[in-house]
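Full structure from sequences and hints, please.
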Amino acid sequence: MSANKESWGSRVGLILAMAGNAVGLGNFLRFPVQAVQNGGGAFIIPYLVCFLVMGIPLLWIEWSMGRFGGKFGHHSTPFIVDTMGRNRLWKYIGVFGIWTNIAVAAYYCYLESWTLSYVFHSLAGTFSGMDQDGVAAFFIEYVSLGESTFGIPYEPIVFFLICLLLNTWILSQGLAKGIERVAKIGMPMLILFGIFLAYKGFTITAGENGAINDSTVGLNFLWTPQYDKLWSPSVWLAAAGQIFFTLSVGMGTVHCYASYVRSKDDIALNAMSAGWMNEFVEVVLGGAILIPISIGYLGIDRVTELVQSGGLGLGFRTLPYLFYQWGDVLGAISGMMWFGLLFFAGITSSLAMGTPWIGFLQDEFNWKRKPAAWSFGLIVLILGMPTVLFFNYGVFDEYDYWAGTVSLVVFALLESILFAWVFGINKGWREIISGSDIKVPGIYKFIIKFITPLLLLWVFLGSLFTPKGGDWGKAIAGDWVLDDSSIIKKIANSDLKAKIAAATDPATVNQLQDTLMFVNGSRILLVVVWLSIALLVYIAYKKRVREGRI
Amino acid sequence: MNTSAIIVMLLTLGTVTALMLYFFWRVMNTPPKPEPDSYLDNDDEPGRQEPLP
Numbered sequence: 001m002s003a004n005k006e007s008w009g010s011r012v013g014l015i016l017a018m019a020g021n022a023v024g025l026g027n028f029l030r031f032p033v034q035a036v037q038n039g040g041g042a043f044i045i046p047y048l049v050c051f052l053v054m055g056i057p058l059l060w061i062e063w064s065m066g067r068f069g070g071k072f073g074h075h076s077t078p079f080i081v082d083t084m085g086r087n088r089l090w091k092y093i094g095v096f097g098i099w100t101n102i103a104v105a106a107y108y109c110y111l112e113s114w115t116l117s118y119v120f121h122s123l124a125g126t127f128s129g130m131d132q133d134g135v136a137a138f139f140i141e142y143v144s145l146g147e148s149t150f151g152i153p154y155e156p157i158v159f160f161l162i163c164l165l166l167n168t169w170i171l172s173q174g175l176a177k178g179i180e181r182v183a184k185i186g187m188p189m190l191i192l193f194g195i196f197l198a199y200k201g202f203t204i205t206a207g208e209n210g211a212i213n214d215s216t217v218g219l220n221f222l223w224t225p226q227y228d229k230l231w232s233p234s235v236w237l238a239a240a241g242q243i244f245f246t247l248s249v250g251m252g253t254v255h256c257y258a259s260y261v262r263s264k265d266d267i268a269l270n271a272m273s274a275g276w277m278n279e280f281v282e283v284v285l286g287g288a289i290l291i292p293i294s295i296g297y298l299g300i301d302r303v304t305e306l307v308q309s310g311g312l313g314l315g316f317r318t319l320p321y322l323f324y325q326w327g328d329v330l331g332a333i334s335g336m337m338w339f340g341l342l343f344f345a346g347i348t349s350s351l352a353m354g355t356p357w358i359g360f361l362q363d364e365f366n367w368k369r370k371p372a373a374w375s376f377g378l379i380v381l382i383l384g385m386p387t388v389l390f391f392n393y394g395v396f397d398e399y400d401y402w403a404g405t406v407s408l409v410v411f412a413l414l415e416s417i418l419f420a421w422v423f424g425i426n427k428g429w430r431e432i433i434s435g436s437d438i439k440v441p442g443i444y445k446f447i448i449k450f451i452t453p454l455l456l457l458w459v460f461l462g463s464l465f466t467p468k469g470g471d472w473g474k475a476i477a478g479d480w481v482l483d484d485s486s487i488i489k490k491i492a493n494s495d496l497k498a499k500i501a502a503a504t505d506p507a508t509v510n511q512l513q514d515t516l517m518f519v520n521g522s523r524i525l526l527v528v529v530w531l532s533i534a535l536l537v538y539i540a541y542k543k544r545v546r547e548g549r550i
Numbered sequence: 001m002n003t004s005a006i007i008v009m010l011l012t013l014g015t016v017t018a019l020m021l022y023f024f025w026r027v028m029n030t031p032p033k034p035e036p037d038s039y040l041d042n043d044d045e046p047g048r049q050e051p052l053p
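Line by line, the protein sequences are chains A and B.
Under the working numbering, think of the first position of the first sequence as 1, with each following residue one higher.
Under the working numbering, think of the first position of the second sequence as 1, with each following residue one higher.
There's no promise every hint is true.
Stated by the list, open to error - Derived lysine-lysine pairs resembling DSS-like cross-links, with alpha carbons at most 30 Å apart:
#: 1; chain 1: B; residue 1: Lys33; chain 2: A; residue 2: Lys499
#: 2; chain 1: A; residue 1: Lys71; chain 2: A; residue 2: Lys370
#: 3; chain 1: A; residue 1: Lys184; chain 2: A; residue 2: Lys71
#: 4; chain 1: A; residue 1: Lys439; chain 2: B; residue 2: Lys33
#: 5; chain 1: A; residue 1: Lys184; chain 2: A; residue 2: Lys445
#: 6; chain 1: A; residue 1: Lys184; chain 2: A; residue 2: Lys5
#: 7; chain 1: A; residue 1: Lys489; chain 2: A; residue 2: Lys368
#: 8; chain 1: A; residue 1: Lys468; chain 2: A; residue 2: Lys5
#: 9; chain 1: A; residue 1: Lys177; chain 2: B; residue 2: Lys33
#: 10; chain 1: A; residue 1: Lys229; chain 2: A; residue 2: Lys468
#: 11; chain 1: B; residue 1: Lys33; chain 2: A; residue 2: Lys474
#: 12; chain 1: A; residue 1: Lys445; chain 2: B; residue 2: Lys33
#: 13; chain 1: A; residue 1: Lys368; chain 2: A; residue 2: Lys5
#: 14; chain 1: A; residue 1: Lys71; chain 2: A; residue 2: Lys368
#: 15; chain 1: A; residue 1: Lys543; chain 2: A; residue 2: Lys71
#: 16; chain 1: A; residue 1: Lys542; chain 2: A; residue 2: Lys370
#: 17; chain 1: A; residue 1: Lys427; chain 2: B; residue 2: Lys33
#: 18; chain 1: A; residue 1: Lys177; chain 2: A; residue 2: Lys5
#: 19; chain 1: A; residue 1: Lys264; chain 2: A; residue 2: Lys5
#: 20; chain 1: A; residue 1: Lys468; chain 2: A; residue 2: Lys177
#: 21; chain 1: B; residue 1: Lys33; chain 2: A; residue 2: Lys264
#: 22; chain 1: A; residue 1: Lys229; chain 2: A; residue 2: Lys177
#: 23; chain 1: A; residue 1: Lys543; chain 2: A; residue 2: Lys184
#: 24; chain 1: B; residue 1: Lys33; chain 2: A; residue 2: Lys184
Said to hold, decoys possible - Taking CB as the label site, the calculated pair distances span:
#: 25; chain 1: B; residue 1: Glu35; chain 2: A; residue 2: Phe72; range: 31 to 41 Å
#: 26; chain 1: A; residue 1: Asp301; chain 2: B; residue 2: Ile6; range: 46 to 56 Å
#: 27; chain 1: A; residue 1: Leu89; chain 2: B; residue 2: Thr30; range: 34 to 44 Å
In short, the hints are calculated from the structure, not lab data.
Since this is a predicted model, take the numbers as computed values, not measurements.
Note that CB positions come from ideal geometry on N, CA and C, so glycine has one too.
Written out as structure tokens, the structure reads:
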């Protein structure tokens with residue numbers, strides 16, 4: 001019998017935990033950059049369409065799969081999917097729902113530890129008096145494990161350990177007393193900090209505190225619709241990708257949280273409430289901070305240049321400097337709020353990543369919650385240390401790409417096929433509407449059966465065979481050259497190999513060759529972790545057969 | 001701000017905020033199901049117990 005007898009404390013607590021799972025750093029750092037790069041205000045049209053036809057269906061699929069599996073005492077995806085498909089191989093597809101979380105937590109906890117460290121640095125006034133290059137240099141020094149301004153040796157490692165210990169301890173407290181309690185504190189704080197920073201983002205005046213533009217310039221830049229971009233498949237692909245990552249679907253965490261909901265209780269309204277809460281944080285708050293503030297002080301050209309390297313650079317290398325344009329006190333408070341907001345967004349997500357592994361050990365091997373939580377902490381520490389120590393060699397990015405990007409699409413595609421075609425849309429539909437507190441529109445039966453799997457297939461194939469420069473017109477016309485960002489080119493390390501071939505400086509060549517070695521090493525490590533979890537699933541299956549539970 | 005940017009921004013922010021508030025309001029105002037339900041809070045409240053057959 002499973003040692004897992006946990007429950008959520010309250011319905012609001014579950015929704016906040018589920019929204020916290022979805023709300024992550026990407027809501028504030030990825031969304032605005034994606035919007036700027038993909039048509040400004042026009043991006044919101046494909047974005048909301050994808051939310052309606054892919055995001056909401058996937059949320060309902062995952063909530064109902066989780067609740068269905070929970071009826072049989074399963075709290076992790078291998079055996080949840082096993083109850084839905086007769087083929088014995090399904091449970092190995094479910095391995096993705098544990099593996100993704102462990103691998104993502106390994107680098108995500110490190111990212112989370114930066115935000116924690118930056119909260120303290122903001123309060124301590126580290127960035128006061130620094131110019132923009134100084135703040136950027138601080139970040140580079142930090143991730144290179146350079147000298148700490150706090151005088152702590154190997155400060156990034158110390159903060160990583162603090163963050164990991166905090167996550168593990170909260171997880172060990174259980175669903176209601178640990179995760180739910182943090183969500184009930186973290187989500188309101190995050191929204192409060194976000195509203196304050198959004199207000200600042202909306203009220204920048206040119207000429208005041210060194211601002212060169214009114215906030216309207218940044219808002220224009222973000223929201224002016226370029227309708228011609230709506231015809232570009234790349235924009236739709238980017239919108240679908242953003243919806244996908246922002247909702248934390250395809251990970252196995254939604255299944256796990258929902259598996260603690262009883263079959264007579266609602267999931268349809270819960271999923272909508274948590275989903276729209278995530279959208280509010282992303283579109284309303286996320287869209288009002290990073291871009292308007294950056295453009296207010298740096299101008300459009302500089303920000304356009306900076307967003308090429310992603311939102312992470314803007315968030316950590318630029319914003320701490322910009323906040324200090326408002327004076328030392330407000331600069332410190334705003335820095336604390338910005339990184340505090342990111343920290344709450346991060347921790348509510350990383351806690352969710354621990355639950356599938358813990359549920360698996362409790363269900364299959366009768367582990368108690370506490371040792372199961374500490375085992376998660378230990379695994380994440382071992383798997384996460386390479387991302388800390390070899391950050392500059394691409395290990396962090398490699399984990400992010402395979403576990404945090406590709407794996408989500410693969411798992412979501414397979415689970416949507418399982419739900420609609422193997423389990424059957426009629427049974428699936430009954431699961432979605434069972435106990436529902438809202439009327440689920442009947443059109444979603446059709447969307448879940450046809451549109452969602454097809455869209456996911458398109459996202460997957462689009463990532464697998466991305467044409468050079470995202471030029472789909474040229475590719476469809478017959479000149480299909482793969483882009484270096486496509487999965488196939490990534491597997492072959494084409495970009496890295498081209499850089500090695502082009503480099504002439506021996507030091508650069510050495511650095512690139514080391515990077516290639518670490519990139520391949522990280523992939524091997526990730527494969528070994530996947531196989532180890534698959535082996536555990538096999539052992540658990542054999543144990544079930546021995547005990548007559550199958 | 002230019003007109004099209006204002007329209008897109010206000011429509012989007014208004015719609016997303018309204019839907020978020022509406023669904024959360026629905027959650028808060030839907031009467032809980034009789035015990036035993038999925039949630040620990042108020043487990044012992046007499047008014048929420050399932051009527052005996």
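So, going through the hints one by one against the coordinates:
1. The suggested pairing of B/Lys33 with A/Lys499 is violated, with an alpha-carbon distance near 62 Å, which exceeds 30 Å.
2. Note on A/Lys71 and A/Lys370: the hinted pairing holds, with a Cα-Cα distance of about 23 Å set against a maximum of 30 Å.
3. Straight-line distance between C-alpha atoms of A/Lys184 and A/Lys71 comes to about 26 Å, which keeps the hinted pair within the 30 Å bound.
4. Note on A/Lys439 and B/Lys33: the hinted pairing holds, with a Cα-Cα distance of about 17 Å set against a maximum of 30 Å.
5. The straight-line distance between the Cα atoms of A/Lys184 and A/Lys445 is roughly 33 Å, outside the 30 Å bound, and the hint therefore fails.
6. Proposed proximity of A/Lys184 and A/Lys5 is supported: the alpha carbons are some 22 Å apart, at most 30 Å.
7. With a C-alpha separation of about 44 Å, the suggested pair A/Lys489 and A/Lys368 falls outside the 30 Å cut-off, and the hint is violated.
8. In summary, the hint linking A/Lys468 to A/Lys5 is not supported, as the alpha carbons are separated by about 52 Å, beyond the 30 Å threshold.
9. Straight-line distance between C-alpha atoms of A/Lys177 and B/Lys33 comes to about 22 Å, which keeps the hinted pair within the 30 Å bound.
10. Between A/Lys229 and A/Lys468 the CA atoms are separated by roughly 17 Å; this keeps the pair inside 30 Å, and the hint holds.
11. Note on B/Lys33 and A/Lys474: the hinted pairing is violated, with a Cα-Cα distance of about 57 Å set against a maximum of 30 Å.
12. In summary, the hint linking A/Lys445 to B/Lys33 is supported, as the alpha carbons are separated by about 26 Å, within the 30 Å threshold.
13. Between A/Lys368 and A/Lys5 the alpha-carbon distance is near 10 Å, which keeps this suggested pair within the 30 Å criterion.
14. About 20 Å separates the Cα atoms of A/Lys71 and A/Lys368, which keeps this hinted pair within 30 Å; it holds.
15. A distance of roughly 20 Å separates the Cα atoms of A/Lys543 and A/Lys71; the hinted pair therefore holds under the 30 Å criterion.
16. A hinted pair counts as satisfied when its Cα atoms are at most 30 Å apart, and A/Lys542 with A/Lys370 qualifies at roughly 25 Å.
17. This hinted pair checks out: A/Lys427 and B/Lys33 have alpha carbons roughly 23 Å apart, not beyond 30 Å.
18. For the suggested pair A/Lys177 and A/Lys5, the alpha carbons sit about 14 Å apart, so the restraint of at most 30 Å is met.
19. A distance of roughly 18 Å separates the Cα atoms of A/Lys264 and A/Lys5; the hinted pair therefore holds under the 30 Å criterion.
20. As the CA atoms of A/Lys468 and A/Lys177 are separated by approximately 50 Å, the hinted pair breaks the 30 Å bound.
21. As the CA atoms of B/Lys33 and A/Lys264 are separated by approximately 8 Å, the hinted pair is consistent with the 30 Å bound.
22. A distance of roughly 47 Å separates the Cα atoms of A/Lys229 and A/Lys177; the hinted pair therefore is violated under the 30 Å criterion.
23. Pair hint A/Lys543 plus A/Lys184 does not hold up; C-alpha atoms about 38 Å apart against a cutoff of 30 Å.
24. Under the criterion of a C-alpha separation no larger than 30 Å, the hint pairing B/Lys33 with A/Lys184 is consistent with the structure, at around 22 Å.
25. About 22 Å separates the C-beta atoms of B/Glu35 and A/Phe72, a value inconsistent with the hinted range of 31 to 41 Å.
26. Hint check: A/Asp301 to B/Ile6, Cβ distance near 23 Å, so the stated range 46 to 56 Å is violated.
27. As the Cβ distance of A/Leu89 to B/Thr30 is approximately 40 Å, the hint placing it in 34 to 44 Å holds.
The earlier numbered hints that this structure contradicts are 1, 5, 7, 8, 11, 20, 22, 23, 25 and 26.
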